[in-house]
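Protein chains in written order, with the numbering used here: chain A, 20 to 327; chain B, 20 to 327; chain C, 20 to 327; chain D, 20 to 327.
Hints listed in this document are in silico derivations from the structure and should not be mistaken for laboratory results.
Small disclaimer: the values here were computed from a predicted structure and weren't measured.
Heads up, a few of these hints could be off.
The list cannot tell twin chains apart, which means a pair is met if one copy fits it or any two copies do.
[Claimed, not checked] Only pairs whose alpha carbons sit at most 25 Å apart, straight line, appear in this in silico SDA-like list of lysine to any residue:
{"hint": "1", "residue 1": "Lys225", "residue 2": "Ala182"}
{"hint": "2", "residue 1": "Lys225", "residue 2": "Thr169"}
{"hint": "3", "residue 1": "Lys225", "residue 2": "Ala179"}
{"hint": "4", "residue 1": "Lys225", "residue 2": "Ala148"}
{"hint": "5", "residue 1": "Lys225", "residue 2": "Glu175"}
{"hint": "6", "residue 1": "Lys225", "residue 2": "Asn147"}
{"hint": "7", "residue 1": "Lys225", "residue 2": "Glu178"}
{"hint": "8", "residue 1": "Lys73", "residue 2": "Glu175"}
{"hint": "9", "residue 1": "Lys225", "residue 2": "Arg292"}
{"hint": "10", "residue 1": "Lys225", "residue 2": "Glu293"}
{"hint": "11", "residue 1": "Lys73", "residue 2": "Gln230"}
{"hint": "12", "residue 1": "Lys225", "residue 2": "Ala181"}
{"hint": "13", "residue 1": "Lys225", "residue 2": "Pro315"}
{"hint": "14", "residue 1": "Lys225", "residue 2": "Arg185"}
Protein chains: 4
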Amino acid sequence: MLTTRTDLAMESFEDTDAGAFPGVQVSQWDNDGISITEVLITDNEAAHQLGKPKGSYLTLECPLLRERDPDARLAMAALLAEELARLLPEGDARAPVMVVGLGNRAITPDALGPGVVDRTLATRHILNAPFARGGLRSVCAVAPGVLGITGIESMELIEALAASIRPRAILCVDSLAARDARRIGSTIQLTDTGIQPGAGVGNHRKPLTRQSVGTPVISVGMPTVIYAATLARDAFAWLSTQSGDDDPHDEALSDMERTLLSADIGEMIVTPREIDSIVQDAAGIIASGINRALQPELSDAEIAAMMN
Amino acid sequence: MLTTRTDLAMESFEDTDAGAFPGVQVSQWDNDGISITEVLITDNEAAHQLGKPKGSYLTLECPLLRERDPDARLAMAALLAEELARLLPEGDARAPVMVVGLGNRAITPDALGPGVVDRTLATRHILNAPFARGGLRSVCAVAPGVLGITGIESMELIEALAASIRPRAILCVDSLAARDARRIGSTIQLTDTGIQPGAGVGNHRKPLTRQSVGTPVISVGMPTVIYAATLARDAFAWLSTQSGDDDPHDEALSDMERTLLSADIGEMIVTPREIDSIVQDAAGIIASGINRALQPELSDAEIAAMMN
Amino acid sequence: MLTTRTDLAMESFEDTDAGAFPGVQVSQWDNDGISITEVLITDNEAAHQLGKPKGSYLTLECPLLRERDPDARLAMAALLAEELARLLPEGDARAPVMVVGLGNRAITPDALGPGVVDRTLATRHILNAPFARGGLRSVCAVAPGVLGITGIESMELIEALAASIRPRAILCVDSLAARDARRIGSTIQLTDTGIQPGAGVGNHRKPLTRQSVGTPVISVGMPTVIYAATLARDAFAWLSTQSGDDDPHDEALSDMERTLLSADIGEMIVTPREIDSIVQDAAGIIASGINRALQPELSDAEIAAMMN
Amino acid sequence: MLTTRTDLAMESFEDTDAGAFPGVQVSQWDNDGISITEVLITDNEAAHQLGKPKGSYLTLECPLLRERDPDARLAMAALLAEELARLLPEGDARAPVMVVGLGNRAITPDALGPGVVDRTLATRHILNAPFARGGLRSVCAVAPGVLGITGIESMELIEALAASIRPRAILCVDSLAARDARRIGSTIQLTDTGIQPGAGVGNHRKPLTRQSVGTPVISVGMPTVIYAATLARDAFAWLSTQSGDDDPHDEALSDMERTLLSADIGEMIVTPREIDSIVQDAAGIIASGINRALQPELSDAEIAAMMN
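The shape of chain A in the complex, shown without the other chains:
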């Protein structure tokens, strides 16, 4: 059956009753032009119904990002850095944080993760360099799905590397699927629940979570696509409402779904035409937030000088 598919926790209960999920706490506030929504899923029953594991989901929304507003970008990077710093475990500063950019560079909307890795300051190999003066935190960065690794699943590579490198935390970046087109390129979600199978644009088959890998896994994502099936289902529901039909007949709905599936449309992805610049911009903002959170003793200018 077609389902409403979204990787954003805040979208997973949007068309249901606020009080329908006793195991979910939602708070919302604004900060510097950014709308912040925190969703806490605290019980198994709610987790099952929403299709999202228990944990904390923080969403930062800023429509001005789509207009490439420079101030909005700076504000988003600063807020992301702050929230990431809060989520990162303390622990031994010599143990690296491993930044993992999921996704496939050859598919434009799936290229967010590799784009962030390109812009992340990796330091694990230069911790003892004279210019480091003891101020660097250990960071390594991997984009397992880029060309050059084949016959090995991304999660398998990450697990093998984590077993060898023993990071104090894994920070995953991935492209997400949303439900509302306006969230593409304007919304960042942070969660401490890791990566679930079937999430994202690339649909990973294995989970990457604290349980699977033995290390805290924080994930950061931005929606870059909507699934056509989600769009169709929402459009159908809306049309039914327009025609005064509060509860669309199950029969008509499943007729539509069968038709969409037979034409291979349900699995198609919907994306803005300017998706390449959206992904490039987002990679810059997210990498900036990550670099600030991971290197609190470096200024932006010092980070930039070490990157080139």
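Assemble chains B, C and D onto chain A, guided by the hints.
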């Protein structure tokens, strides 16, 4: 207003009466597992109503291409070579054919043209090489929209080059928009009408036609996307039929369109998830057809050896 | 015969008598840690003997660039911007400056030009955008030798574009060959004499000069290689001096040259192992100098925001 | 001190007495236009003196490769496949062979390994696909040094993956340094001794050998550079011979070496100008040999169809 947007001539009158367009002749036949449709638009009135210039449009369809069937790929390349050779003007063999790959390599569904240029055997600079033995026809190849050219429109670059190089024909390759999802990656259209503004994935703003450039312009394209507006309109029409409503009310239709537009959905593009391999495969097939048509005295093996 | 091959005017008379060339004026001064040498070749006889056309050659040298010193990079970009602004013709601000990045991205030491084009702010297509507020000067940028253009020589493409776009000046960037290894990655040469056949790493076959293209041609280059023949000749001369032999016998010299040539060594290029980061750094510095010179009304931050 | 640096075993004793190394056996024969040299280093004393570990080194030389002769390429790939098949351990066909492409894609002469990985048929993830019909041997392929992995040494990544994947053999591909310019692009070396620190263009700091990784390590390499120090030393020796001086004075030699080192020339690499096409050609030949050796039940056409 939202319109049904397709670059395939054969799709532009699909849901209208067969006899509605007196200035259009359609023939259809099969050849080696490929379904061929020829649309001749012979009068201005029909051209205006279909939104396509007068001329000949040949469509080659083969659903097995989507399953990456090796025999289907060979058959398609062979048939394309044959039809291209028929369309190419005779004339001085020393005057080059200029192959133009339109589109932007950084946007996966728009990367067909650059991919074909990468695989086209350019010979203009080696016509006098000893191994050529007089058997080479002059070919040059350009992908004007790839990284490295900015501030200059693709059509402007092509016109400037054509004025300098004086090709005997221009052969344009572009990604197209279709209406039916099953035609993505399975259908090639050839036409002698050139490139029109607003066609393709990248929406060129200027035409590239015999009139604009003073040289015959043949174009070859394959659909890689559907516009979301087209999908929505077709879905709405289908839903109306299901509910026994033969003639969907204009009012409901324009309500829907306004809503889609306000959510920025109409201009979004819908594409299969495996679009990168679809585009890579298509680039290989089209380049093979072009190389055979342009170098009738070389075998496939000789072309391959000269490409590496 | 093997010759000492250098694209730097200041190196072309280094081992000859200062007074040997009456048609050459040399001045040298320092500025902010950068050593500046100006060579003016004012007569045809000197031009012929040095193998460089008449005109002005300015060389900016800063050994700290090789150590990736951030202050040195800023100083170099600032000085380059200043000198470029002096060389650029006034004229109609709506007529574009065309930045041309020569070279082949697939050969590391020849990738400087394409790297600069990637980082140049092209504005010709956005002059009327609302955010431009009338403050933008028209700039377009082309890298003719990158993948995607074949069968057409770089100079032919540039000439065709110049005839169509009518730029007020062409600003060429190219990788150069030097004689002294210490100048690789540390030295920028500016000249108003354009590009000569046989210069650079890629050895262009046609000139690009004010005469050939009808527009002032300024070129900016940085050495990235030494030719093995140059290195061998200099080593031989040095060895002869060591053995007290002031004037190495012509016979021994030509023996050596014949041997080098027979082993195909003379045409080989010598390059530091870290050539990729040298070229990336240099591309950043030169693009920064160009962007400042061409957009005097924008701050660095505004340029950066428009680039992403 | 400068040393003659070559990764080819056959070059490491070229200017010494044949009988000088009792622990070295050399045989040489011809096959289909290819000259084959086998060097067996059988004792520790010889291994120490030559700077190469004990083991077998097979060199395939074919000068026609530099002329891009199609027959020579086919012959080389066929012979390489045969010799690789001989070196590969039997063992469980479900245990993968791990192909490792060492080197950095951003440095042209160091891009051989990544280029081979791009062209290697990886099958580990599709062994159970219907079209495989049980005929596929398990292969995975990794290019650890390409962009997208930072802060982690190549050897560390390989060791971590090998511990997780448990391959029956590792097959390393790397760019080599030679002593004689004519061997660049014309010579392939196979050895069962793995990769040693300091070998290759990229100078790995850790070994990759059966001892370090617990799995047989076969390596395949082609020279793409000469070190400038090697070239200089050989040139000096040759010049001394020319001047009738059989035994160049140690003093003059070390003067020269000090001078070269002070000008940072010794560590520079010397490479032909057409190095990009040499590396692309070599990657095609080596990948073809590897694919044939690893998939003995597939024809060339079947391998090609599965690669696209």
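Here is what the structure says about each hint:
no.: 1; hint: Lys225 - Ala182; in the structure: both (17 Å within a copy, 19 Å between copies)
no.: 2; hint: Lys225 - Thr169; in the structure: both (16 Å within a copy, 24 Å between copies)
no.: 3; hint: Lys225 - Ala179; in the structure: both (14 Å within a copy, 19 Å between copies)
no.: 4; hint: Lys225 - Ala148; in the structure: between (37 Å within a copy, 19 Å between copies)
no.: 5; hint: Lys225 - Glu175; in the structure: both (9 Å within a copy, 24 Å between copies)
no.: 6; hint: Lys225 - Asn147; in the structure: between (36 Å within a copy, 18 Å between copies)
no.: 7; hint: Lys225 - Glu178; in the structure: both (11 Å within a copy, 22 Å between copies)
no.: 8; hint: Lys73 - Glu175; in the structure: within (24 Å within a copy, 35 Å between copies)
no.: 9; hint: Lys225 - Arg292; in the structure: between (30 Å within a copy, 19 Å between copies)
no.: 10; hint: Lys225 - Glu293; in the structure: between (31 Å within a copy, 19 Å between copies)
no.: 11; hint: Lys73 - Gln230; in the structure: within (13 Å within a copy, 45 Å between copies)
no.: 12; hint: Lys225 - Ala181; in the structure: both (15 Å within a copy, 20 Å between copies)
no.: 13; hint: Lys225 - Pro315; in the structure: neither (33 Å within a copy, 32 Å between copies)
no.: 14; hint: Lys225 - Arg185; in the structure: both (20 Å within a copy, 20 Å between copies)
Hint 13 from the list above is the single one not met by this structure.
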